[in-house]
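S.K.: Sequence:
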Amino acid sequence: MRVTLGILRQSFRLIWEDLWTTLVCNWLWLFANLLIIPGPPATLALIYYTNLLAHGETADLKDFWIGFRQSWKTGWKWGIINLGVLFILLGDLTLLRHADGRLLNQFTAGLYLALMAAWLLLQFFTLPLLLEQGTPILLTALKNGVFLIGKNLSVSISMAIAIGLLFIAGIAAFMLSFAFGAVLIASASNLTVISCLEKTKQGKKIIKSNLEI
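The opening residue of the sequence shown carries number 0 in numbering that gives the first Met the number 0; numbering runs sequentially from there.
Hints should not be assumed to be uniformly reliable.
[What the hints assert, rightly or not] Lysine-lysine pairs mimicking DSS-like chemistry, simulated, CA-CA at most 30 angstroms apart: (1) Lys76 to Lys61; (2) Lys76 to Lys142; (3) Lys61 to Lys150; (4) Lys150 to Lys198; (5) Lys76 to Lys150; (6) Lys72 to Lys142; (7) Lys61 to Lys72.
[What the hints assert, rightly or not] Here are the computed distance ranges between Cβ atoms for each label pair: (8) Asp91 to Leu18: 40 to 50 angstroms; (9) Trp19 to Leu92: 36 to 46 angstroms; (10) Gly90 to Gln9: 12 to 22 angstroms; (11) Ile167 to Trp15: 16 to 26 angstroms.
It should be emphasised that the hints constitute simulated quantities derived from the structure, not laboratory data. Yeah, the Cβ is synthetic: ideal placement off N, Cα and C, and Gly gets one too.
Work out the full structure, taking the sequences as your base and the hints as a guide.
M.R.: The structure is reproduced here in structure tokens:
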């Protein structure tokens, strides 16, 4: 949990150091997702912008636009897969509400919610890995995400809990979440992946070997 708190503290610090730019990037991301079509590339652009910050580099709005322009193909590949998985899981949950067998349905609904949480956690690792692995191959990033979660299970679970609690707190502090929520999660995502790669002895080596497959 100490590692998780350190990552969140660093994420807040990155936002505070350039409050105006992070605010604008967050609002651009929100606007792009309201328009739907530019939503996935904007998500990868936000990851690109915060990845630069996580590595201690200077980043501004120009970097967000660079990430946005470069991410259309990969962004929509990810978006289609991600939305497809979530649509199936949410669709099945909706059907369960109208089925008989209450006890069985509660168990199955819990299972689907756990699968949904696991999938979202995998995306938390996958998107930064598209940058860290050097070549934005989505399948490789998903495989590397599973590997990193498995090797850093305690950090992964504690981070998922922390993000969940922040989300609940963000409902109460709506404007703060609305203004900075996406940038905070993107920063925490990048910092978590970088931390896990540094802690995992052969993390970089395995990423390179996967790229050759």
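S.K.: Hint by hint, note whether the structure agrees.
M.R.: Results of checking the hints against the structure:
1. Lys76 to Lys61: Holds, because 24 angstroms separates the two Cα atoms, which is no more than 30 angstroms.
2. Lys76 to Lys142: 16 angstroms, holds
3. Lys61 to Lys150: The given pair, whose Cα atoms are some 35 angstroms apart, is violated under the 30 angstroms limit.
4. Lys150 to Lys198: The given pair, whose Cα atoms are some 9 angstroms apart, holds under the 30 angstroms limit.
5. Lys76 to Lys150: 26 angstroms, holds
6. Lys72 to Lys142: 19 angstroms, holds
7. Lys61 to Lys72: Holds - the C-alpha atoms of Lys72 and Lys61 are around 20 angstroms apart, at most 30 angstroms.
8. Asp91 to Leu18: 40 to 50 angstroms: 41 angstroms, holds
9. Trp19 to Leu92: 36 to 46 angstroms: 40 angstroms, holds
10. Gly90 to Gln9: 12 to 22 angstroms: At 38 angstroms between Cβs, range violated.
11. Ile167 to Trp15: 16 to 26 angstroms: 22 angstroms, holds
In summary, the numbered hints that this structure violates are 3, 10.
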